[in-house]
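So the sequences go chain by chain: A and B.
Going by this note's numbering, the first residue of the first sequence is number 1, and it counts up by one from there.
Going by this note's numbering, the first residue of the second sequence is number 1001, and it counts up by one from there.
One should not assume that every hint holds.
[Said to hold, decoys possible] Label-pair ranges, simulated between beta-carbon atoms:
{"id": "1", "chain 1": "B", "residue 1": "Asp1315", "chain 2": "A", "residue 2": "Gly21", "range": "31 to 41 Å"}
{"id": "2", "chain 1": "B", "residue 1": "Pro1294", "chain 2": "A", "residue 2": "Ala25", "range": "27 to 37 Å"}
{"id": "3", "chain 1": "B", "residue 1": "Ala1002", "chain 2": "A", "residue 2": "Asn11", "range": "25 to 35 Å"}
{"id": "4", "chain 1": "A", "residue 1": "Ala25", "chain 2": "B", "residue 2": "Lys1067", "range": "23 to 33 Å"}
{"id": "5", "chain 1": "B", "residue 1": "Ala1350", "chain 2": "A", "residue 2": "Lys159", "range": "46 to 56 Å"}
{"id": "6", "chain 1": "B", "residue 1": "Leu1187", "chain 2": "A", "residue 2": "Gly21", "range": "46 to 56 Å"}
{"id": "7", "chain 1": "B", "residue 1": "Thr1003", "chain 2": "A", "residue 2": "Met17", "range": "32 to 42 Å"}
[Claimed, not checked] What the simulated footprint calls covered on chain B by chain A, stretch by stretch (three residues with Cβ under 8 Å from a Cβ of chain A suffice, anywhere in the stretch; the number is not a length):
{"id": "8", "segment": "1014-1024"}
{"id": "9", "segment": "1117-1126"}
{"id": "10", "segment": "1143-1153"}
{"id": "11", "segment": "1299-1307"}
{"id": "12", "segment": "1491-1499"}
No lab work stands behind these hints: they were computed from the structure.
Glycine included, C-beta positions come from ideal geometry on N, C-alpha and C.
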Amino acid sequence: MLQVISLLVENKPGALMRITGLLSARGYNIESLTVARTLDPVLSRMTIVVDVDPSLRKLVIKQMNRLINVLQASDLTDAPSICHELVLIRVRAPRENRTAILKEAEIFHARVVDSSVEGFVLEVTGATEKLEEFIAVLQGYGEIEVTRSGVAAVSLEAKKLKLAPPIPTAAGEAGNYTEKDEVVNA
Amino acid sequence: MATLMNGARILLDCLVHEGVEAIFGYPGGVTLPLYDALYEHEVRHILVRHEQNAAFAAQGYARATGKVGVCCATSGPGATNLVTGLVDALLDSIPIVAITGQVPNKLIGSDAFQEADTFGITRSCTKHNYLVKDINDLPQIVHEAFYIAASGRPGPVLVDIPKDIFLGQAHYQPLKAIHLPGYKLVLDGHVGQIRRAAQMMWEAERPMVYAGGGIIHSGAHEELRELVEILDAPCVNTLMGLGALPGKHPNFISMPGMHGSYAANMGMYNTDLLIALGVRFDDRVTGRLKDFAPYARVIHVDIDPAEIGKNRVADLPIVGDCKRVMKKVNKALRELEPELAPKSADARSAWRQQIADWKAEHPLEPVFSDTEIKPQHLMAEINRLSDGKAIVTSDVGQHQMWAAQLIRYDAPRLWINSGGLGSMGFGLPSAMGAQLAFPDKLVFAVLGDGGFQMSLPELATIAAERLPIKIVVMNNGYLGMVRQWQELFFNNRLSASTMSSFPEVEHLGAAYGIPGRTVKKPEHLRGVLEAAVAEPGPYLLNIEVSPFENVYPMVPAGGAINEMVLSQPNPVPVP
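Whole structure, please, built from the sequences with the hints as guidance.
Spelled out as structure tokens, the structure:
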């Protein structure tokens, strides 16, 4: 069953490899993965859709939370959330099909982002099922080329982010650390 | 005041701040600047003869002291040779920091001489790893590495340092603090859960304490003893937990699992409350999982949330440091004792009797013969000489299981072996680390003839450093555990498990300046072992034991733990 995992991670070299390595070591195939910076440039938000045995879903989240670079990993599979992706579709559109294709695009709230004699490039966002329907409809008009962004998800529940405080080394003390530093713009 | 110094010096300064006394390592091209800085530095460097043994020796040091062990290797082959030692430390949760050299930053990715993607290779072999790209990050990374290795669930951390970082200059000022916002440790345990745990413990009629390596890592052995005594409950220690409860303690019922004692496995099978402390329900302990402790509710205390419910669902999970949690559990147990203890007292007394009966029915006892040295006889003699006080390291296989069954420990951190990964060649180098940490302690390296030959080059290190290790090779001329499985499950077809040709240890030892002796007769065993212990320096013993002895009890792989084979099922023909 497909699991949607949302992660807040430190934007550090190797962080992506640690997370995907955890999945690949178990032979799980990643369905999609999106990652980009958050408002705080030292952090990234990642959404992974992966086929995980349902009995192991909790364990995978716990093991991701164990990674040093992961600030928070949460399972959005059954949680209230918005899971959207973006699809770019190049469709060949000879003159007789152009109007019909534009009509279909309108129905699915797709935008034309490029138009040429050969055809269109359409951009559409939304839930995966809706997008797949749109792709299927367009396939009826001939050969198409599809580029999908993969799912980006946002939880509808505000989850409090707990972070570890600084640790003094043998040479010093933690200094002036306040709770305020823990608030991350993520 | 910030001082201008090179990366190698900065690294050594950070190591001093972390309290490092010794590094086990092997130099090479890209670590030359580091070795140059070590030349006149207070940190001691032990030159091993193979990098894998540097990692094992660092582990021996860490396992014996509880402090972080440090090993060092050059780029490429040096780093790849560390890998087994890193995974070994990961599976047994041992705190070590590995420093590896790397080709200069501008050559990374160019297939340079002795270049390997150490950062990528060791990602899954470590708790965390680093590649240093900027000399200004070096102090922070080194301190983070030590903190991550030692805190929470301990483990190995690797720091890969390119040559230009060692050579580069920076204004260095000791770092005051590190910040790892994503590394959240839960140490204290949930107060309500702790209270409920204490209640469950008093309500149980057949409680069983299942204590493992986590007790030793958190230093909770006193708390364990207290808990066991308050409840007067039987207690098993896993392979990693031997020594957590003193071996002479009346409530101690040895090791559970594949080669565990009859009483331990019957106890685990029949208990109604499994009190799991710092354990991970390893497959070698549980056997067939669905038939493991089928009547029991489970209390599971572990510092790693990912261990809770991984193999067995916990009815009452407590995430926290064993020592802190058990202190509170013991307090709650005492508070609830007057009210709750009397209710189950009769049932518990019957349970204790049952355990005692099982112990008497099939005790773990050494086997003796007049004509040949039984491996169990050897372990009994080591046990007698140690009297619970010596450090004993082992490799992996039959000798390890006999040692675990028959040698007892008064304290934690005396039994050092490769539990999770089961690495052959672990015993000798880990003994070096332990002996280095405790120069005056008696250290036995109990090895099989297979594992010993994997670690042979370290005889040179032992000779050079004059480490007074008593090397006891239990030589049966076979890869004993492989042969045992071939006998039992592969129609006695002994494919590639016969170790013909073993060096004459008298000559082998002499080549290194270490006295060596071979013992074949049971009547000579005690005298020779005593002479070896009396020797101030190292000693190499080749004990030729009966070749076809096998380890029992045995739970066949995939069997339930109450389905033990207690002795050799059929006479096995000599091939």
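Against the structure, the hints:
The hinted range of 31 to 41 Å is satisfied by B:Asp1315 and A:Gly21, whose Cβ atoms lie roughly 33 Å apart. Between B:Pro1294 and A:Ala25, the C-beta spacing of about 31 Å keeps the proposed range 27 to 37 Å intact. With their beta carbons about 28 Å apart, B:Ala1002 and A:Asn11 fall inside the hinted range of 25 to 35 Å. At roughly 30 Å, the beta-carbon separation of A:Ala25 and B:Lys1067 lies within the given 23 to 33 Å, and the hint holds.
As the Cβ distance of B:Ala1350 to A:Lys159 is approximately 49 Å, the hint placing it in 46 to 56 Å holds. With their beta carbons about 27 Å apart, B:Leu1187 and A:Gly21 fall outside the hinted range of 46 to 56 Å. The hinted window of 32 to 42 Å between B:Thr1003 and A:Met17 holds, with their beta carbons roughly 35 Å apart. Using a Cβ-Cβ cut-off of 8 Å, 3 residues of the segment 1014-1024 of chain B lie near chain A, which meets the minimum of three, so the contact claim holds.
Taking a C-beta to C-beta cut-off of 8 Å, the segment 1117-1126 of chain B contributes 4 residues in contact with chain A, enough for the three needed, and the coverage statement holds. With a cut-off of 8 Å between beta carbons, the segment 1143-1153 of chain B has 3 residues touching chain A; three or more are needed, and the interface restraint holds. Counting residues of the segment 1299-1307 of chain B whose C-beta lies closer than 8 Å to any C-beta of chain A gives 3; at least three are required, and the coverage claim holds. Beta-carbon proximity to chain A at under 8 Å applies to 0 residues in the segment 1491-1499 of chain B; the threshold of 3 is not reached and the given coverage is violated.
Checked against the numbered hints given earlier, this structure breaks hints 6, 12; the rest are met.
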